[in-house]
Each structure stands twice: as structure tokens, then as C-alpha cells.
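K.L.:
Letter by letter, the chains look like this.
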Amino acid sequence: MRAACYEETTMNEKPLSTMDRVNVGLAKRYRKERRFRLFGLAAIVSSLMFLVLLLGSIGAKGWTAFQQTQILLDVHFDPVVLDVGNLANANYPSLVREAVYQQFPQVGSREDKRLLAKIVSNAAAFKLQEMVMSKPELIGTSKPIWVLADDEVDMFVKGHIPRDVPESERRVSDKMIGWIDQLAATGRIEKKFNTTFFTAGDSREPEQAGIRGAAMGSMFTLMVTLVLSFPIGVAAAVYLEEFAPRNRWTDLVEVNINNLAAIPSIVFGLLGLAVFLNFMNLPRSASLVGGLVLTLMTLPTIIIASRASLKSVPPSIREAALGVGASKMQAISHHILPLAMPGMMTGTIIGMARALGETAPLLMIGMVAFIVDVPQSFSDPATVLPVQIYLWADSPERAFVERTSAAIMVLLFVLLLMNASAVFLRNKFERRW
Amino acid sequence: MQKLTVTLATASLIAASALTSQAADGRDYISIVGSSTVYPFSTAVAEQFGKTTKFKTPKIESTGTGGGFKLFCAGAGVDSPDITNASRKIKTTEMETCAKNGVTDIVEVKVGYDGIVLANSKKAPQMKLSRKDVFLALAKEVPSPEGGDKLVANPYKTWKEVNASLPADKIEVLGPPPTSGTRDAFVEMVMDEGCAAFESIKALKKTDEKKFKAVCGTVREDGAYIEAGENDNLIIQKLDANPKSFGIFGFSFLDQNTDKMQGSIVDGEAPKFETIADGKYPVSRPLYFYVKKAHVGVIPGINEYLAEFTSEKAWGDEGYLAEKGLIPSPKNERKTVAADAKALKVMVNK
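Protein sequence lines, in the order shown, are assigned to chains A and B. Every letter in the first sequence is one number past the one before it in my numbering, and letter 14, counting from 1, is 14. Every letter in the second sequence is one number past the one before it in my numbering, and letter 44, counting from 1, is 1044.
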């Protein structure tokens, strides 16, 4: 190109004007810019594609977990089995078995009966127990009751266990399929909304497993984290930004805070193990300790965000307040802090969202555990949502696959809610100068 | 805004005071740690126990066998776990650590057996392997194929090179990392045995045991063996996607995925419930848990938990643990173990 230009000048003996020079390269520059924009667009499109792929696969795997197969049984609350004086230890499973056998009068052999009893989850007995304990007048009556189906029946009904493979290769036998079809023909088997998933704690039986325990654990943990890290973070930021002198010590503190924000979270877990468990003797696996560890982890994020938002308050406001006679504390608490608050809240919410998704630091302090009882207080053993996902992903039963994806969906939804509220707060309260 | 800050500050003070008061409370639930292999079984028992008794459901952490003993032996106080699960017997060194920290009376309970399988996708044919084949396919150093006693870096690329009767597929095995108890057991029961098929290496066992362990137990690192983490479901998904590769995992995972996976025949026996139970399938190991006697009576429910675990409805041939993939011990053995557990018979350090 350049050689061509040169030739032209020598031929006409007239120097090129600036415009001419620009025009020569213009097409190439436009092309370059188009390419540049295209690269950016391609980056966005490909990352969106991955996101859609991820969400799609989670959604496709998980949506079935929000439904649960249930079976309608005509339960007779037999007064012979239910001794009014000793309701807690009555043989409730036998009530369930009798009700199941009643649906299939043709099943006779002992072997078959045992197999037949397996189509209903053992949660059914606990359900009857609860009903009778709360309403003893049920004894002697009969009542149609929807009970949970076993997880393998559930998987079959949802189509996760194929019907067309040889019997030896699936966990649901031909006999069981026959029984399920018979129930389906009479409308006694149905997929209903899975309330257990939202009301129960963890369980080894997929049909009885729920995320309530983990969700409560997450809530307690985040509460501790918020209550500790927000005031400490804001106070630290205010001191560093408004009061601290500029010297080597404050520089050191600042470098350390920035450094801490980048430390892998497992390190905070080790610190928590050493300090909170071994030194302070706090209970293992408690959401209190989890919250403390996550506080350490989120503090730097909150301090950095809070300092940035304090910095963005124009000095004129500070000076005007001092100028009309406000003390430094009045200037800060009446003017600067309220103006900086939206930024601080945004930083806090983002820090909390990160804390909600953490598992690594909790591993060290014993929160990666099988916990059935829903935690009631800060010192109860608890686990959190991401840990629950990890534990389910590692379970052999196939029905846990869909539950894992469903739990991921719930976690993503909560994260989305938190991040959306951060954006909302910023848009609503942010002031621009 | 100011009010909010004040409220939050007060709340944090309350939390801080609650923190100190709660630390002093005793524990009213059983705390269990240990092997990830025993985890699915002990959690099933714990849940049943929590639902049918007045006690709280035990808390179970899956820390691995070694990690479990470390926590278990760290001290005798109630802040340490009451029970640890193990996929192997407690080591003498671990007993010593325990004793040094004041944990002296330990009750051992053998819960049953677990098989380790080498499996592939049903889309490919089932393999018939000997342990020698597996050793040759996976060891880092093998006796030179040209003969002689010299050890060379593993030259085998396909199964056919290892044994002419096997298909000409690339060797690709997904298995657990060295931190896993499954890996330890696999090395001990498959690699060591397969390696002892060579006279020259077998002789080494007598003269230089350390060298023997190193030769037999070191798995190749050139990509034929892929460490796939502890997540066995992930291994199964990968095997399903790539029918030419094999995976190493516990029998309970094979049992749950019989429509997709098949276990390879090892030394003439296929991994099945029956063959593992009667000891014909060579790659199976006993599972245990260990209880601190000093905690019985201090932490409520330990006796009852033991009773639930050792009841026929749990670990019997038709029990709910068998459904989870546990291979029950023979009936007589169950009887003695249950009696010992009931009497809290303490182990003696040999």
C-alpha cells in the first residue's frame, strides 16, 4: 500500500494532502474496527451460549425433581395395631403394608409381597404415625391417603429408568412395572408438586430428602456473617478513609486488606479450624462458626467497596458540613455515610452472595456433613446449600441426580435475587455528582 | 441509615455474647466422622435411628478413613467425635496416637464388606481380566516384555499388548486419587496380588519389602490412569460417554447403575452381590466403625445407635443396608459382632 502511495506522489509531483492520506487507509481502518467489534460480539455470544448450555442442562435434569410420584392408598387405622396407650411404638409400617396388599389381592407369595411393599417409601409409615398422634380419633376409621412412592418407582414413572431394556439391567423388575401400570390405570399413582423438597432436611432416601435443613443453615450462617461483617467493615472503612493518618502503618494495613481479598477461601477455613475450634472451643459444624469464618472472608470485600464509596462522596459536601460548624463525627454520620451507604450495601450484598456460594472453608470446620434435623439455632450442627449440592452429587442413588440439579436451581435463584437487589439498591439510591 | 447501623452494631454484640455462652453447652447428638465408603451406610442407619428413637439424628462427616482417625484420636473430650467409620482396620500407629491422647477404650464393629469393581459401559463388551493384566496395564514400572528381571517404564498402550485375548483398545482407566481409601484397597488387593505373579518381584517381598511396595503400588502417570476425584457418579457419567474407558469404584455404585455399567470379570469371577458375600470375588474388603467407650453414657444414644446398626433389619441379608449396596457378613460373624458391640468389648492393642 505504502509503495503505491509513494509511486503516485513521484508521478504527479504533488504532495498528498492530509485528507488524501487519511482516505487511503480509511477502508482498512474501518475493516479493523468492524473486526474488533465482531471479536467482542463473538466473546459475548459464546459466553452466553455456555451460560444457556449450563442453565439448560441443569434445568432439563432438575425440573422433574419439583414433582414427586405419590400413591393413593386406602388406609384402615386398625385398632388392633394401634394401641391407644402406646401410639409412639405402634407398628405403622404394617398399616401401610396392609393397605398396599389390599390394592393387589392377586399377589400371594411371601417373596412377591416383600417386593410389593417396596413400591411405597418408608416415609409413609412416619406420615401415618404423625396423623394418628395428632388426631387419635382416626383410629378405627378408613381413609384414602396419598403417600410418597419409593424413589425407584418415582424414577420409573418419570422415565429416568427405561422400560425397554432387559429386566436384569434395571432396578425396577417386570413385576413392579406391572403393579405400577395397574395403579396408573386406576388413577392411584400420580405426580404431584414435591413439597417434601422444600420442607424436609437431608435424607438418604431421595424421595424424603429436602433442602430446608441446608437453606436454614445457609440463613443462619449468612445472618452471623452479615451482623458481624457489615458493621466491622463499615467502621474499618470509615476510620481508614476519614480519620487514619497517611503513614507507613496505614499503608501496610491497606496492602494487607487488598491481599486478603484475593486469598483462596480454604485458607480462611484452616484459620477458622485453628482459632475458633481448637483455640476457642466453639462447637464443630455449627453455623455460628461457619458465619465467623465467612465473616473473615467477606470483610476485605466489604471494606474495599465501602472505602470506594466513601471516596466517591465529593469533598465539597464534607467541607460544607465542617464549614457550617459540624464536628467531624457529625459530618460523617449525617452527610457522608448516608450518601455512601448505597455503595456500601451493594458491596455487602455481593460479598454475601459470594459467602452463600462457598464450600471450601466450611469443609475444614465440619459443615460438610450429613445432617437430617433442620437446625434451630446458631449452635446446632448445620450445613449450607452448596454443601448439600456437593453431598447429593456424590450419592449413588439415581434420584439424587435430579435433586442435585433442583438444589442448584434454588441456589441460583437466591443468588440472582441477591444480585438483583444489589443492582436495584444502586439504581435507586445512587447519587451522581 | 444511622438507626440501621446502630441496630446492626447491637445485634453483633448480642451475637458475640451468645457465642461465648453456647460454647459451654454439652452435645446431645452423636458425632460421627470417617470413611466415605461407609458414609452411605452409616447415614442410612443414623436416619432410621433418628426417626424411630427419641434421640437426635447423629451428625456424620465424610472425612476419609485416615482423616477420621486423626479427629477420633485427637482427644477424649466430648468435643471430639464419638464414632469413626473406616474402610480398613485401625493401624497400630493410630492406636498409639489414640492412647497418647487419652483415648484408650475403643470398641471395634465390623459392619460388612464392600467390593471394588473395574467397570465399563454396557455399550462395550465385558472384559475378562486377571489381576496380573491389571497390574501390567496400570503399574508405572513393569518387568521388561522382552523377558528378564529388569523393570522398565510401562510400555503398554493397549489392552491387547497386555494380554492377547483382550481387545485392541487403548488403556484408559478412571480411578480414585491416592488420598482415597478405595485406592489403598485397590492397590493392596489388585496391584500387589497381580505383581506377585512375577517370580522376580515376589522374591523382592522377602528381601526388600519397601521396594516391593513401591514397585507394585505405584500407578503410572503417563495418562493411561486418570485420577478422577472422589466423585463416583462423575466417573460413571464419563464411562457412559466413552465406552472404551474403564472406571474403578465401589460396588454400591455399580449396583445402582446396572442398566449402564458392567463389572469386569476378575480372575474368573464377576462382581455380584453373592460372589462378594461368599468371598469368591477377589477384590472385596471389610468395613468397620470404631466407638469411644468413654463417651457411652455421656453422649445420649450411642448404645441405641450400635443396636440399630447391628440389628438384622439393618445389616441382615434382607436389611436396608443391603439395599444400599452393603455386602453383609456371614450370619455367625454378625452374631458375634453384635454381641461384642452390645457388651462394648474393648479392643486390645497387639
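Calculated directly from the structure, the hints in this document are not laboratory data. There may be inaccurate statements among the hints.
[Claimed, not checked] Using 16 Å as the maximum straight-line C-alpha spacing, the simulated EDC-like pairs for lysine to aspartate or glutamate come out as follows:
hint: 1; chain 1: B; residue 1: Lys1110; chain 2: B; residue 2: Asp1340
hint: 2; chain 1: B; residue 1: Lys1260; chain 2: A; residue 2: Glu254
hint: 3; chain 1: B; residue 1: Lys1260; chain 2: A; residue 2: Asp164
hint: 4; chain 1: A; residue 1: Lys118; chain 2: B; residue 2: Glu1269
hint: 5; chain 1: B; residue 1: Lys1132; chain 2: B; residue 2: Asp1340
K.L.:
Of the numbered hints stated earlier in the document, which are not met by this structure?
P.N.:
2, 4, 5
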